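Novice: These protein sequence lines are chains A and B, in that order.
Under our numbering, the first residue of the first sequence is numbered 1, with each subsequent residue one higher.
Under our numbering, the first residue of the second sequence is numbered 1, with each subsequent residue one higher.
Derived by calculation from the structure, the hints in this document are not laboratory data.
Incorrect hints may have been included.
Taking beta-carbon pairs under 7 Å as the criterion, some of the chain B residues facing chain A (in silico) [claimed, not checked]:
| id | residue |
| --- | --- |
| 1 | 320 |
| 2 | 406 |
| 3 | 408 |
| 4 | 411 |
| 5 | 441 |
| 6 | 443 |
| 7 | 444 |
| 8 | 450 |
Quick caveat, the model's predicted, so the values are computed rather than measured.
Cβ atoms here follow ideal geometry from the backbone N, Cα and C, with glycine treated the same way.
Below, each chain spelled out in residue letters.
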Amino acid sequence: MLTCLCDSFYGEAGIATVRVLEHAGCEVIFDNDQTCCGQPPFNSGDWSAARLSAGHLMRTVLSHGDPVVTPSASCAAMVRECYPILYSDMAHPKVYELGEYLVQHLRMKSWPVTVKQKPKPVKVAFHTSCHGRGIGLRGEQQQLVASLPWVELVPFEQGDQCCGFGGAFAATHGSISAGIGMEKLKNIKDSGADIIVGGDMGCLMQLNGLITRHKMDLEVRHFSQLLAEAIEP
Amino acid sequence: MNRPSVEKFARKLPEETTNSVRSASVAKTGARTVALSEAFDDLGAARTQAAQIKDFVLDNLPNLLPQLELKCSLNGIEVHWAKDAAAANKIILDICKTNAPDGGVVVKAKSMATEEIHLNKYLIKAGYEVVETDLGEFVIQIDNDTPSHIVTPIIHKTRKQVAKSFEREGLGPYTEVPTELAQQARNHLRDKFRQAKIGISGINFAIAESGRLVLVENEGNNRLCTTAPDVHIAIMGLEKVLPNETDLPLFLKLLAGSATGQRMTTYVHMVSGPRRRDEKDGPKEVHLVILDNGRTNILNGPYREILRCIRCGACLNVCPVYRQVSGHAYKHVYSGPLGAVLGPALEGIEKLPDLAKASTLCGACEEVCPVKIPIPRMLLQLRDEAVRKGLIKEAIPWSIFAMGTTSGFRWRMGLKLLPMAGLARHPAKAGWEEFKDLPKKEGRDFRKWWNARS
Numbered sequence: 001m002l003t004c005l006c007d008s009f010y011g012e013a014g015i016a017t018v019r020v021l022e023h024a025g026c027e028v029i030f031d032n033d034q035t036c037c038g039q040p041p042f043n044s045g046d047w048s049a050a051r052l053s054a055g056h057l058m059r060t061v062l063s064h065g066d067p068v069v070t071p072s073a074s075c076a077a078m079v080r081e082c083y084p085i086l087y088s089d090m091a092h093p094k095v096y097e098l099g100e101y102l103v104q105h106l107r108m109k110s111w112p113v114t115v116k117q118k119p120k121p122v123k124v125a126f127h128t129s130c131h132g133r134g135i136g137l138r139g140e141q142q143q144l145v146a147s148l149p150w151v152e153l154v155p156f157e158q159g160d161q162c163c164g165f166g167g168a169f170a171a172t173h174g175s176i177s178a179g180i181g182m183e184k185l186k187n188i189k190d191s192g193a194d195i196i197v198g199g200d201m202g203c204l205m206q207l208n209g210l211i212t213r214h215k216m217d218l219e220v221r222h223f224s225q226l227l228a229e230a231i232e233p
Numbered sequence: 001m002n003r004p005s006v007e008k009f010a011r012k013l014p015e016e017t018t019n020s021v022r023s024a025s026v027a028k029t030g031a032r033t034v035a036l037s038e039a040f041d042d043l044g045a046a047r048t049q050a051a052q053i054k055d056f057v058l059d060n061l062p063n064l065l066p067q068l069e070l071k072c073s074l075n076g077i078e079v080h081w082a083k084d085a086a087a088a089n090k091i092i093l094d095i096c097k098t099n100a101p102d103g104g105v106v107v108k109a110k111s112m113a114t115e116e117i118h119l120n121k122y123l124i125k126a127g128y129e130v131v132e133t134d135l136g137e138f139v140i141q142i143d144n145d146t147p148s149h150i151v152t153p154i155i156h157k158t159r160k161q162v163a164k165s166f167e168r169e170g171l172g173p174y175t176e177v178p179t180e181l182a183q184q185a186r187n188h189l190r191d192k193f194r195q196a197k198i199g200i201s202g203i204n205f206a207i208a209e210s211g212r213l214v215l216v217e218n219e220g221n222n223r224l225c226t227t228a229p230d231v232h233i234a235i236m237g238l239e240k241v242l243p244n245e246t247d248l249p250l251f252l253k254l255l256a257g258s259a260t261g262q263r264m265t266t267y268v269h270m271v272s273g274p275r276r277r278d279e280k281d282g283p284k285e286v287h288l289v290i291l292d293n294g295r296t297n298i299l300n301g302p303y304r305e306i307l308r309c310i311r312c313g314a315c316l317n318v319c320p321v322y323r324q325v326s327g328h329a330y331k332h333v334y335s336g337p338l339g340a341v342l343g344p345a346l347e348g349i350e351k352l353p354d355l356a357k358a359s360t361l362c363g364a365c366e367e368v369c370p371v372k373i374p375i376p377r378m379l380l381q382l383r384d385e386a387v388r389k390g391l392i393k394e395a396i397p398w399s400i401f402a403m404g405t406t407s408g409f410r411w412r413m414g415l416k417l418l419p420m421a422g423l424a425r426h427p428a429k430a431g432w433e434e435f436k437d438l439p440k441k442e443g444r445d446f447r448k449w450w451n452a453r454s
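Pulled out of the complex, with its shape left as it was, chain A reads as follows (with noise of 0.2 Å):
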């Protein structure tokens, strides 16, 4: 399942998910017709407009009966946990977050370099997305990329803290939202790292937005990305 934001502005995410994917030994489907899990509604209150997305989603991919598999725990959230609030006699959908389904699933402890040319040694502060600990995260994307030889993880203060995002609260509530973004860029230049990784482009949209703004040095990438990179193409 590809989210709205790989679709619109970040293809090279859902680029990397599908050579991980396949990478791991899956093949992958993707639904053309695949739209919006309808979480930006839903969110809002609008859950009746919420509904039309999610009716959609499972008339089209949910319909094919195989795991699906999401760069973004948001979504993968949205479906598996917010799917039954919306319908209530709906059973969690089998949606997986892909960290969660290469490690938890697929049994992945590290990721098989097989690329020849090295990248060059970099130092990740891996942003940790909220909605990854309210599906049952246990830093599985981490394991992954801290696997990577060229990788060094850094530490940072408050790193469970939220970036800030929040969907529409980025936009309705933009000072608030900027603040506690820049708190978390702030701790994150502290701790010396090179670049941002996360497995959410909403979280990594609004540092980034952020990032851009202030002219800081620092960039952001999705952690498929760190793991495409070790694919020897």
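Chain A is already provided as a structure; the job is to place chain B on it using the hints.
Specialist: Same frame as chain A, now just chain B:
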């Protein structure tokens, strides 16, 4: 754009306040983690057990409250029932009038229930000199301010600000040394305790089985409020009852750890009634006011679990939004994630329609809650209720968005038109762009790549 109330407040907040609230909140969250990990081998199990006990209480109020009343009266505590704030205020004033007909000093221990019913204002208007004796609440009172946190009411103030207030009130020579400031307040308050005929407090727990009122504190002022004056009036929300004394160790440890990062508070008071015949001190009368004020309505609605709350304030401390904006932003006695649910639940969503939106839904509140209240889920339900009732107008027309998501064709068309949206004006876009750069399409397009492959 018509800004939501919390955002509006945040824009006017001095950076000094944000820094003060943030650093204190971060420190308290850290202390909580240490204290609770020392107090419990299995914190998750302890929280689950506490949640189950509170759910049992909420399921059995019709039995537990009469039991509490009976046991209290056997202990000599007179129980009063108040259906709302006005009734509670009147009950308390009547007790004051009976025992101190000429007015005089009323000393108060910290109590959010009295904040909720605006008791101070009411008693002052009736001619009483109401004195807050909790150090934080005392500062709030002399500054004519309101608490910005349910446990640490002056979290939004700096030491310098407190020093200036004390100097202004003539409490002593200017000092910024915390122990000296505390001593000045202590000297001032000691006289008030001597003069007071009435002491008013909240409670933390009331035990149905034994009719005992349990109060925790760190300053010792609660002990004076509840024992020095001839009359002690305690007020509690009706959900604060616990079935058994054996429930206490769990709740005392959870509360102290969650609220202040302590293994146990400095004082734990068990009030078992007025002074006995063979006793030399203690109040001659103890009254307990049991307050409803909207709680039974909550009990029968979708926000029922918020009544599990034991007022530890951990959800405020951990909340990234609270850390930015302080409690005053919520414009309600109860602030932070707790207040964003309890406020509208108590007073009706019509009065506070946009509070639930002042959250990123990060879930940290639920993760630290000692009684596992599903706050994010309730914030979502409040948003749903506000939208259904037409109380908030959405900047983004979600029904149109949703129509776009019900067809692969329309969605793909929309994606093609997206670059043009960069030119359009939109309040949501403006809200984002004010503080952050808009996202740009980066690298390859997924669908093009996928289609070229197959």
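Novice: None of the hints should be skipped; say for each whether it holds.
Specialist: Here is what the structure says about each hint:
Look at residue 320/B: its Cβ gets to within about 5 Å of chain A, closer than 7 Å, so that hint holds up. Satisfaction of the interface hint for residue 406/B is found here, the shortest Cβ-Cβ separation to chain A being roughly 5 Å, below the 7 Å cut-off. Here the hint on residue 408/B is kept, as its CB sits about 3 Å from the closest CB of chain A, short of 7 Å. Satisfaction of the interface hint for residue 411/B is found here, the shortest Cβ-Cβ separation to chain A being roughly 4 Å, below the 7 Å cut-off.
The restraint placing residue 441/B at the interface with chain A holds, with a minimum CB-CB distance near 5 Å, inside the 7 Å limit. Hint status for residue 443/B relative to chain A: holds, with the closest Cβ pair at about 4 Å, below 7 Å. At about 5 Å, the closest approach between the beta carbon of residue 444/B and any beta carbon in chain A falls short of 7 Å, and the interface hint on this residue holds. Nearest Cβ of chain A to the Cβ of residue 450/B: about 5 Å, under the 7 Å cut. The hint holds.
In summary, this structure violates none of the numbered hints.
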